[in-house]
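S.K.: Chains A and B supply the protein sequences, listed in that same order.
By this note's numbering, the letter at position 119 of the first sequence is numbered 119, and the numbering carries on one by one without gaps.
By this note's numbering, the letter at position 234 of the second sequence is numbered 234, and the numbering carries on one by one without gaps.
Each hint should be verified, as a subset may be incorrect.
Which residues of chain B face chain A? A partial, calculated answer using Cβ under 7 Å [stated by the list, open to error]:
(1) T119
(2) V153
(3) M157
(4) G171
(5) Q280
(6) G283
(7) F302
(8) G311
(9) I314
Since the hints were made in silico from the structure, they are not lab data.
Every value quoted in this text rests on a predicted model; they were computed, and no experiment measured them.
Glycine residues also receive a C-beta, built at the ideal position from the N, C-alpha and C atoms.
Number of protein chains: 2
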Amino acid sequence: MNRITQLFNIQYPIVQAGMIWCSGWKLASAVSNAGGLGLIGSGSMNPEILTIHIKKCKQATNNPFGVNIPLIYPYTEDFVRIVIEENVKIVFTSAGNPAKWTSLIKEKGITVVHVVANTKSAKKCEEVGVDAIVAEGFEAGGHNGKEETTTMVLIPMIRKIVSLPLIAAGGIGTGSGMLAAIALGADGVQIGSRFVASLESSAHQNFKNKIIEAKDGDTQLTLKKIMPVRLIKNKFFYDVEQKQNNGASIQELSDLLGSGRARKGMFEGDEKEGEMEIGQISGIINEIKPAVQIVKEIVEEFNQTSKSIAGLQI
Amino acid sequence: MNRITQLFNIQYPIVQAGMIWCSGWKLASAVSNAGGLGLIGSGSMNPEILTIHIKKCKQATNNPFGVNIPLIYPYTEDFVRIVIEENVKIVFTSAGNPAKWTSLIKEKGITVVHVVANTKSAKKCEEVGVDAIVAEGFEAGGHNGKEETTTMVLIPMIRKIVSLPLIAAGGIGTGSGMLAAIALGADGVQIGSRFVASLESSAHQNFKNKIIEAKDGDTQLTLKKIMPVRLIKNKFFYDVEQKQNNGASIQELSDLLGSGRARKGMFEGDEKEGEMEIGQISGIINEIKPAVQIVKEIVEEFNQTSKSIAGLQI
Chain A
1 MNRITQLFNI QYPIVQAGMI WCSGWKLASA VSNAGGLGLI GSGSMNPEIL TIHIKKCKQA
61 TNNPFGVNIP LIYPYTEDFV RIVIEENVKI VFTSAGNPAK WTSLIKEKGI TVVHVVANTK
121 SAKKCEEVGV DAIVAEGFEA GGHNGKEETT TMVLIPMIRK IVSLPLIAAG GIGTGSGMLA
181 AIALGADGVQ IGSRFVASLE SSAHQNFKNK IIEAKDGDTQ LTLKKIMPVR LIKNKFFYDV
241 EQKQNNGASI QELSDLLGSG RARKGMFEGD EKEGEMEIGQ ISGIINEIKP AVQIVKEIVE
301 EFNQTSKSIA GLQI
Chain B
1 MNRITQLFNI QYPIVQAGMI WCSGWKLASA VSNAGGLGLI GSGSMNPEIL TIHIKKCKQA
61 TNNPFGVNIP LIYPYTEDFV RIVIEENVKI VFTSAGNPAK WTSLIKEKGI TVVHVVANTK
121 SAKKCEEVGV DAIVAEGFEA GGHNGKEETT TMVLIPMIRK IVSLPLIAAG GIGTGSGMLA
181 AIALGADGVQ IGSRFVASLE SSAHQNFKNK IIEAKDGDTQ LTLKKIMPVR LIKNKFFYDV
241 EQKQNNGASI QELSDLLGSG RARKGMFEGD EKEGEMEIGQ ISGIINEIKP AVQIVKEIVE
301 EFNQTSKSIA GLQI
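Isolated chain A (complex conformation) (with noise of 0.2 Å):
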């Protein structure tokens, strides 16, 4: 159908975003079998667990799936290593410069899609030779760009200065807002939110409720002098917004946030001293289903949409 569905060998130009804790083999091949892109996240993995997540994900499925590596941890090097001796086909790379990985991961035939959050990251992106890019807008849930530019202005911004196929990420969790990031310019959406929604997703049950409860309001962007963050307002988020309304330094808002608080919160449950990451799109997503629903009413609610405002003149 178009230059994302060809590029990955796809049914429908729909990314299932690779999340920390949350997206691992049954998410990602139950989102490969309905007719999307799956993709592993490995940012909560360590060499051992993506190679059994990658094995398992295969026998899951025949259709292409992907794996996404944040550049900024410390497995990178073997993560690459990893995709390549695995026979990967398709690679998300995040949180960090593509530069480096690039040219290596597409020297082995491997397609790399890279995310970014503003316009200087997509020409870095253009110039090094990625195949296309996720911008990723501010109400997306987990790290998220300084910038802060929001989906609706990012996309356009994006798309006026580059060429490559265009996927927007943040606030896109339905039918009608995959057809408005399609008219801002993109080639594809990718979704977060409401696949962490999912039957199929590794995030604790208590997380899950969460988001389904959650409304406008009820997430926020965070830790901005370490990394921003959007957070589920909880227990956690308020201690962490104290420290920084009292002028915390990065040091002592680190101290905090320790190690392991996003493990607890999205993968163990803890609603209180966790950290659960999620985006604002939470504030319309009231059930959990199995993947391939999502995807089926995704791609119905997009197809009835685009008729009820087919050609629309004004």
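For this one, chain A is given, so just place chain B on it according to the hints.
M.R.: Below, chain B alone, put in the same frame as chain A:
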């Protein structure tokens, strides 16, 4: 064409935001003459000045125009009296509770629209009988909601719970942005920043130049402890940020803000010490044009984008 054009009796469902220091009778009448709905922004006026602007606007256009009245200013009562006396047919209220004023204004046969940034206020609007809602996202310039919900998320969220005609605002400055808003469930759009960068806007030339120079990341929401406002990052902005990072109290921030900061920035053109309120979409605005040209370009791009994706199915 739709509920918005019918409600206001205008040609295109494009509303020019009623903005302090920028949208007097010249801009409002130019937009109304171009087939959109022009709004006089009363928030920076006194009763005498507002009366003059309304009278001049009536002389400059035979088309419908409106007045934006912030509901938290000392002149609210005077302004309501003036729009009634001057037989203004359309009033947009913002920044306050519509419960007190809506029925009073509607009794006089005036169409009332209220600006909201969250679902709670949207429901309130429906309860108190406003005729339409503007839902304004985080990316918008000027004062903004505490929830920080972006347009991409806010529009479907409000569309879901309210059946009133819905005008999307925040991050919209082009025809493709307008089409995206319609896909998300809006009936029309309100555009601010792009009209500030018009020949007819009363913004100081220095402010207009700042807008066309702005890139992504050049605006930010600040002063969240007092009332969130999106500003261009100039010296004044960084002074505020520094104070906030050091844990300044509301009183200290209010003292720094002082009075006349917005006038100094937007109307007098003080690029260093003035407050310059503008939206993120300034990053893709590159030229100062007549308002009629802006409306024409938005309409043409809307129609072209709509044609190019007409009936797209995946």
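S.K.: Run every hint past the structure and note whether it holds.
M.R.: Going down the list of hints, with the structure as the test:
no. : hint : in the structure
1   : T119 : holds (5 Å)
2   : V153 : holds (4 Å)
3   : M157 : holds (5 Å)
4   : G171 : holds (4 Å)
5   : Q280 : holds (4 Å)
6   : G283 : holds (6 Å)
7   : F302 : holds (6 Å)
8   : G311 : holds (4 Å)
9   : I314 : holds (5 Å)
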